[in-house]
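Read in the numbering used here, the sequence shown has 89 at position 89, and its numbers run on one by one without any break.
By construction, these hints were calculated from the structure, which means they are not laboratory data. C-beta: ideal position from N, C-alpha, C; glycine also. Treat each hint with caution, since some may be false.
What the hints assert, rightly or not - List of simulated lysine to aspartate or glutamate pairs, EDC-like, C-alpha gap at most 16 Å:
hint, residue 1, residue 2
1, K260, D211
2, K117, E41
3, K118, E55
4, K99, E41
5, K274, D211
6, K260, E223
As the list claims (entries may be wrong) - Label pairs and their in silico Cβ distance ranges:
hint, residue 1, residue 2, range
7, Q109, P213, 43 to 49 Å
8, N245, L29, 18 to 24 Å
9, S21, H332, 39 to 45 Å
10, A331, T356, 51 to 57 Å
11, K48, L350, 50 to 56 Å
12, G246, R13, 15 to 21 Å
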Amino acid sequence: MAVTGTGGTGHLRYTYRLRASSTACSALLAEWDRCRWVWNECVVRSKKAHTDGEECGPARLDRILTAARAITPWLAEGSSVPQQQLIRDFGRCRGKALKDIKDGLPVRQRAGMPGFKKKHHADPSLNYTRRGFRLKGGRLHLAGGIVVSVVWSRELLSQPSSVRVYRDSLGHWYASFVVPAEVHPLPETGAVIGIDWGVRETATTTSDAYDLPHAEHGKKAKEKLSRYDRMMARRRPKKGQAASNGYREAKRLRAKTHQKIARQRQDTGRKWAKRVVRDHDAIAVEDFRPKFLARTTMARKAADAAVGATKKALIEMGHKHGRDVRLVNPAHTTMDCGNCGARTKHALPLSQRTYTCTACGLVSPRDKNSARVMLVRAGLNPAGADGGRPPGAPLQEAA
């Protein structure tokens, strides 16, 4: 779910499980084969246009698709809607890659040029605009005569403007609807909170009641995952041989366990975010990007903490309910004092978990002090935090 805007209208994305018959599955896979061919053809045409020094935008690719459908019966059997939407997606991917090259970004930060989609490596994903689908009798009717049943776990707020039908690594089909939605503000509470992200605890706040301990979902499932890894290693097929049923079953069980862990992390983060947003009017959040931790010795624990997913859930929940969410520059937050604003002359090692201010004598847990610094920098000074200076980059509103 994503929400844009804080006081007006925005958009929500609702995802539902699909119950697809064998006939519907075959039709969806056939539609994906056509779309995958269109994508690969776009890759070939764009490379040739680049070599010849020509332009190759979505408009030209649309004309190529129209000509191809006129002379290729197999391609014309499918709906033109998902094929055209795939060209739009290809244009966005290629445009982003060209923009990064033009801006001179380092290679490691650039979005790569779109490549070929291989049959056994790309999961099916079909996008339909409003003219390509309709809801009738609780079922989803897609262009091309494809009908699937939707598991309506909750009601749609309004008429959807588009839908994405996709299949995950376990073979389950889903429909993701985009609907316009009103932002419904919650009652004001007059409370503010500062949040500091970490690895020992996923989130440390200025209030003990809202600290989020490390759930360790991945650690709890480590034994089961290791067992499936051993099963796959024993049954791994030799090069050129087809995988056995036992190998495929172990691979499926491993993917199912990983999916369960991801859902547990998402559920924990969303429930905590809902509680924080419900009880506070303004939230100062550390603009922490945990990607760099993947190259450290804390990579496994940092991934299990799911800081990125929890932060995203908090920002989206705040926008949905009209709360004031402010992103704070994380530079020197462990060195500044949340009481007087003084800064230590050296960086604190990770092993030192207590912060002691040499200026005012404040003694506080390190993460608690950092959470208080978030409030000071965001201009949401709590009682006793007056006089704190807000160093670092200018205040940034959550996108």
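Falls inside 15 to 21 Å, the C-beta gap from G246 to R13?
-> At 38 Å between Cβs, range violated.
Is the hinted pair K260 and E223 satisfied, with a Cα-Cα distance of at most 16 Å?
-> Holds: K260 and E223 sit about 14 Å apart, inside 16 Å.
Using the Cβ atoms, figure out if Q109 sits within 43 to 49 Å of P213.
-> Violated: the Cβ-Cβ distance is about 34 Å, outside 43 to 49 Å.
Is K274 close enough to D211, meaning Cα to Cα at most 16 Å?
-> Roughly 13 Å between the alpha carbons, so the hint for K274 and D211 holds.
K260 paired with D211 [C-alpha distance capped at 16 Å] = The hint is violated at about 24 Å.
Pair hint K99 and E41, alpha-carbon separation not exceeding 16 Å = violated (22 Å)
Hey, K117 versus E41, does the alpha-carbon distance stay inside 16 Å?
-> holds (10 Å)
H332 and S21 - C-beta distance against the hinted 39 to 45 Å | violated (59 Å)
Cβ distance range 18 to 24 Å for N245 and L29, holds or violated | This hint holds: roughly 21 Å between Cβ atoms.
Between K48 and L350, does the beta-carbon spacing fit 50 to 56 Å?
-> Cβ of K48 to Cβ of L350: about 53 Å, so the range 50 to 56 Å holds.
Is the distance from the Cβ of A331 to the Cβ of T356 consistent with 51 to 57 Å?
-> Because 21 Å falls outside the window, the suggested range is violated.
Hinted pair K118 and E55, Cα distance within 16 Å | violated (26 Å)
Hints 1, 3, 4, 7, 9, 10, 12 from the earlier list are contradicted by this structure; the remaining hints agree with it.
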